[in-house]
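With the hints as constraints, model all of the structure from the sequences given.
Line order of the protein sequences matches chains A and G. The first sequence lines up with residues 1 to 279 when you count with this note's numbering. The second sequence lines up with residues 1 to 184 when you count with this note's numbering.
Rather than coming from a laboratory, the hints here were simulated on the basis of the structure.
Which residues of chain A face chain G? A partial, calculated answer using Cβ under 10 Å: (1) His2; (2) Ile4; (3) Asp5; (4) Ala9; (5) Ala12; (6) Thr19; (7) Leu26; (8) Ala78; (9) Asp98; (10) Ala108.
For glycine and all other residues, C-beta sits at the position ideal for the given N, C-alpha and C.
Here are the chains, one letter per residue:
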Amino acid sequence: MHEIDRLVAGIAPDPGPGTTPIARELLEEITSVPVPERRRLRSWLAVPRPRRWASVPVLATLTALLSFGIAQAPASAALDIELVDDHYVITVNDLLADSEVYQRELRARGLDITLDVVPTSASLTGKIIVINDMERLMSGRTVPREGPITTIDAQGPCERFAGCPIGVKVPVAFGKKAEITLGRRALPGERYTMPPGIATPGEPLHCVDYVNKSVAEITVLLRERGVTPSYIQYGKRAAPSAPGGWYVHKGVMTADGQALLLVGAEPTTQRNPGPGSHC
Amino acid sequence: MTHHDRKQRFEVIYVANYADILAYIRRRTDSHEDAADALAETFTTTWRRLDDVPEGRDARLWLFGVARRVLANGRRAESRRGELVERLGHQLAVWAEHTAAGEGLAGVQEAFARLSPDDREILALAGWEGLGSDEIATVLGCSRANTRLRLHRARKRLAKHLDMAGVDMARIGLRAVAMTKGVM
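Written out as structure tokens, the structure reads:
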């Protein structure tokens with residue numbers, strides 16, 4: 001044994017009374033309850049407590065995790081997976097766990113679901129993207145947005161652009177290969193893997209009709225809002241500057257305070273969606 | 001599996017591991033009622049999930065994993081606390097009154113208390129439950145390499161706290177002294 005472990009062993013609290021007659025009674029009490037057949041087949045749940053998935057603790061926990069950005073890794077599993085009726089209700093306990101850990105916990109329940117928790121901006125934090133059928137997608141067919149996997153939204157009105165999901169519900173019998181991506185708040189300096197458009201709600205140019213405006217004009221607007229832009233043309237690498245008279249075709253936020261603008265010498269012919277209805 | 005067969009298998013697992021799981025839970029809870037409740041919940045879960053419990057020695061690790069999750073989930077429903085669990089909690093309280101608290105290692109206790117919960121848990125699994133790093137990896141659901149690294153770092157941090165607290169490192173051993181100096 002390692003010396004340090006031996007020291008720790010030396011402060012081990014007393015183990016307790018061991019197997020007493022009450023332990024025997026507990027054994028009888030536990031085994032007197034018959035186990036339902038369905039649970040026996042797919043009873044994967046570590047802690048099957050009679051808890052409602054929309055109850056306040058779940059909501060509060062997840063909201064706290066999402067809003068503070070860096071989750072304090074709890075001592076529990078990376079995912080909280082509960083069986084509610086005929087669905088698994090899945091919430092993320094540890095937003096910074098390896099995706100391998102999530103996969104293992106999902107596979108252990110017979111779910112072939114890949115979960116990626118990716119860094120993003122404040123406005124997209126908590127956004128959940130679900131692809132219900134990866135094999136269908138890989139074969140080139142479209143996958144309907146609505147599918148057996150659904151997100152659970154917080155109760156009450158939601159004013160966030162990304163929606164207010166607190167978890168996902170997966171039918172117990174779900175047998176397809178699916179992919180779920182969840183946005184978490186990026187750490188300082190971390191690049192977004194889920195980059196929001198620069199004009200989407202909550203982002204620096206929200207409600208600015210920026211497409212086909214000049215590079216000079218948009219650069220000034222971004223800098224006024226504390227954002228440093230870089231520029232990219234089709235087929236070229238991103239650069240710290242671009243001709244001021246060129247046109248901005250598209251823009252995304254790439255990290256806190258950083259944007260990437262797709263620019264060209266000519267205006268884009270792609271239809272401009274305009275500032276949108278939220279303005 | 002008939003009910004009789006299930007009960008028989010459960011009984012083997014229960015009898016073989018009850019004392020270890022009780023110790024695991026008791027060492028990580030402040031209240032005897034909570035300990036009794038978590039113990040009952042751990043074994044109730046085991047009964048429901050009996051088909052998932054691995055054979056042999058791994059059953060014990062699986063049970064530690066369940067107990068760990070039960071404790072991590074914190075507060076348990078008051079309504080589920082039956083008369084038997086209350087009696088069990090009372091028994092644990094009475095037992096504790098007759099057990100002398102550990103003495104002589106106050107410095108180690110203080111240094112240990114200063115560690116993060118994750119560090120404490122991994123060191124406790126090694127020191128209190130006597131698990132090897134591969135077994136700890138199974139309980140925590142982490143890779144073996146990652147567990148070895150975490151264990152090494154936790155030992156190192158404890159050694160550092162001990163050093164800062166002025167605990168006599170020479171008594172502990174050369175290896176621990178080396179750890180505080182960053183040699184290992």
